[in-house]
Structure formats: C-alpha cells, structure tokens
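Enquirer: So you can see what is in the structure, the chains are spelled out below.
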Amino acid sequence: MLLRGNGIVGLWGWLTLLLVACAARASEITFELPDNAKQCFYEEIVQGTKCTLEFQVITGGHYDVDCRLEDPDGIVLYKEMKKQYDSFTFTASRNGTYKFCFSNEFSTFTHKTVYFDFQVGEDPPLFPSENRATALTQMESACVSIHEALKSVIDYQTHFRLREAQGRSRAEDLNTRVAYWSIGEAIILLVVSIGQVFLLKSFFSDKRTTTTRVGS
Amino acid sequence: LALYFHSGEREEKCIIKDVPSDTLVIGNYKVQRWDIHKQGFLESAPGLGMFVTVTTPSAEVLLSKLYGPQGTFSFTSYLSGEHVICLQSNSTRFVAFAGSKLRIHLDIRVGEHFLDESVVQAKDKVNEVNFRLEHLIEQIHHISKEQNYEREREEKFRKTSEETNSNILWWAIVQTLILISIGIWQIKSLRDFFISKKLV
Numbered sequence: 001m002l003l004r005g006n007g008i009v010g011l012w013g014w015l016t017l018l019l020v021a022c023a024a025r026a027s028e029i030t031f032e033l034p035d036n037a038k039q040c041f042y043e044e045i046v047q048g049t050k051c052t053l054e055f056q057v058i059t060g061g062h063y064d065v066d067c068r069l070e071d072p073d074g075i076v077l078y079k080e081m082k083k084q085y086d087s088f089t090f091t092a093s094r095n096g097t098y099k100f101c102f103s104n105e106f107s108t109f110t111h112k113t114v115y116f117d118f119q120v121g122e123d124p125p126l127f128p129s130e131n132r133a134t135a136l137t138q139m140e141s142a143c144v145s146i147h148e149a150l151k152s153v154i155d156y157q158t159h160f161r162l163r164e165a166q167g168r169s170r171a172e173d174l175n176t177r178v179a180y181w182s183i184g185e186a187i188i189l190l191v192v193s194i195g196q197v198f199l200l201k202s203f204f205s206d207k208r209t210t211t212t213r214v215g216s
Numbered sequence: 001l002a003l004y005f006h007s008g009e010r011e012e013k014c015i016i017k018d019v020p021s022d023t024l025v026i027g028n029y030k031v032q033r034w035d036i037h038k039q040g041f042l043e044s045a046p047g048l049g050m051f052v053t054v055t056t057p058s059a060e061v062l063l064s065k066l067y068g069p070q071g072t073f074s075f076t077s078y079l080s081g082e083h084v085i086c087l088q089s090n091s092t093r094f095v096a097f098a099g100s101k102l103r104i105h106l107d108i109r110v111g112e113h114f115l116d117e118s119v120v121q122a123k124d125k126v127n128e129v130n131f132r133l134e135h136l137i138e139q140i141h142h143i144s145k146e147q148n149y150e151r152e153r154e155e156k157f158r159k160t161s162e163e164t165n166s167n168i169l170w171w172a173i174v175q176t177l178i179l180i181s182i183g184i185w186q187i188k189s190l191r192d193f194f195i196s197k198k199l200v
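The listed protein sequences derive, respectively, from chains B and E.
full-length UniProt numbering puts the first sequence at residues 1 to 216.
full-length UniProt numbering puts the second sequence at residues 1 to 200.
No wet-lab data here; the hints were simulated from the structure.
Treat the hints with care, as some may be off.
As the list claims (entries may be wrong) - Facing chain B, a subset of chain E residues (Cβ under 8 Å, in silico): (1) Ala2; (2) Tyr4; (3) Arg10; (4) Cys14; (5) Ile16; (6) Arg132; (7) Ile140; (8) Glu163; (9) Thr164; (10) Gln186; (11) Lys198.
Said to hold, decoys possible - If you want the ones that stay clear, here's a sample from chain E, every Cβ over 12 Å from chain B, calculated: (12) Ser64; (13) Asn90; (14) Phe157.
Note that the coordinates shown come from a computational prediction; the quantities given were computed from them, not determined experimentally.
For every residue, glycine included, the Cβ atom is placed at its ideal position computed from N, Cα and C.
Go ahead and model the full structure; you've got the sequences and the hints to work with.
Expert: What follows is the structure, encoded as structure tokens:
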C-alpha cells in the first residue's frame, strides 16, 4: 500500500495532512437568483466539523431572501424568511451531504444577487506540527500572528465590499427613481393643467348654445 | 471539490466575481450527468463538455472555451469590476427528451493568497519561513489592490449620491417654475376667454 513504506510517523503525517486538507474549505459564491427561483447547494461534510454559512443580499428589491439549511436526514438546521444578511455556525452531527437553499419565490419580478460564504472546518495551521520537534520560533510565531491578522483584514474587506455594493445599488435605484418621477410628474402637471383650462372652456362653449340665460 | 449544485442540461449557470484589476482567478469544476437507468450520477461522463465563458464588466468576452467534464480554467482581470463566469454544458440532447440534470462541482479562488497545501514542505526551516513570508506578502498585495478598487467604487457611489442630490434640487426648482408659469397661464387664458365670451 502507498502508506506502508513510510512507517508509522509518516502514516500519521499523511493522514493528518489529508484530513487537514479535506477539512478546511471555504467557498464563496455570488450568483444571481431570478424571481420565483430557488437555488440549492450541497456539500459533503464529515461528522464533527465546525461549519459556518454566511450570506448577504447585494442587489434587488428589498434586499432580502429566504434561506434554509438541512442536514442529510432532512432536518432543518436553519430557516429564515426574508433576511438581508445572516451568519450561522453549526457543528456537523453526522456524515453526509448537507444542503442549503436560497429562495426568491416570494418575489414576483425582482431578481436578487446573493453572496454566500460556506466555510467548512478550520483553516490549516500555518506551520503544521506533525513533524515538529520544538516549539515555534519567534519568526514563525510572528508569521502566524501576521497571517491571522491578514485573514481578518481580508474578511472585513469582503464584508465592507458587500455593504458598499449594497449601498451603491440603493443609491443608483434612488437616482433612477428620482429621474423617472421628475419626468413623470412634469408631464402629468402639464397635461392636467392644460386639460383643465380646455375643459373649462368647453363647458362655457356648450352652455351657450343649448341653454337660455336665466335672469336678466 | 466539495460544493456542488444541480443544473438543467442546457441551462447556463453564472457566478459573479467582483475583483480588482490584475487579479488572477482560478476555477476548478467537475460535472456529472444524471443517468436515468442507474438513477444516479455517473462518476465520469465521457463526451460531456462545459463551455466556460468569462465576461468583463464592460461586457467583453475574456474567455470562451470548451473544456472536458473536469477541468481548470483561469483568467486575469485587466479591468476592476464584476466579472461573470458562466458554465453551460455542450449537451446536444433535447431537453424534454432527456429529463436529465447535471451536478456541477465548483471551486473558484481569487488571487494567489490561498494557502497552497500541495507544495512540498521544506525540510529546511529557513526555506519554510521564507515560503510563508512570500505567501504573506502576496496576501498583503491582494489587500492593497482591493483597497484601491474600493476607493474607485466609493468615488462612483459618491458621484451617484451627489447626482441624486442635485437632481432633486433641480427638479424642485423646475417644478416650482412650472407651477407658477402654468398658474399664470391658466388665469390669463381663462380671463381672456371670459372677456371674449362677455361673461365678465
């Protein structure tokens, strides 16, 4: 077998590496959800892994979506209707395929852009400790703390980018609405006021020919 | 390749990636076809291919290629903005006839700041730290590019808001002018009308 030649230490090293490589995954996807549509994603998770699902609606309508997370047995772990943003952490209670769905079925004509980030397992350590005899050197500890800080910076950046995209989408919506409303109201004003005058004029023109004047 | 979703045979599924310019985006995918006889997804589907189309924010096509049932594609963005990655199978079967669906496994990575676990671990400690430092520098470059991109977008956002603000102000002035002039015109017109009809 492939693993036998390396001895026990090697075997554990490979196993740990394999487990670590399998366990830590993060998928972040931004997709467009058309109106009255539902989109489901599936992921195979090993029992005991800590997973986090985070989603945010970026553009569209009232910026809300239904989300639902089910375990392999069909038990609903998380279900929220019309949420703009949420984050849900859970530990997989059993092996199998977990399913999470985003639904825009309540909306009749707005399609939404949804971002989600599904993190499975913890990130692998920067300096794996299976073939390590001593503790981390200062340099390595410094690297580890810089890495952690950078990861959180990237995380904050992503959140900020999404919020800014959402804000900008609203601002552009507002701008379009103001433009349409101004033009629409100007047209209505002109049509109504000119119409009023002509209508009034027409009342007096008709009366003259059909009725006789009352009084002197 | 863990995350997967289902798609119709001829359906096009698109993913949006908002990236700054000069960023490398790498995508891995694997597609499986549903077999009606076996009532399951085939492990490998020979002959099945996927068209991968990448569109830039200015609606130009950056990448449009046919790959096999499993493949890796990558592109480097030269514009900052929302790039749309679309996957569509090249299946020629009639949709109604097939009643089939596809399972698409997808993994898309942006930038080179992900930890590459497949690199051989150096026995030499100095080299290992060196490698990690390079990885950290790459991460910092990515953050810096994103910050620049963020600045561009914030400017666009600010311009939109200021435009809305001045539109509203301009509209209020125009509306007042329209109202006043319409009012004057109405009164004048009616007055002239009544005078001509000898009612006043």
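Enquirer: Which of the listed hints are not met by the structure?
Expert: 3, 11 and 14
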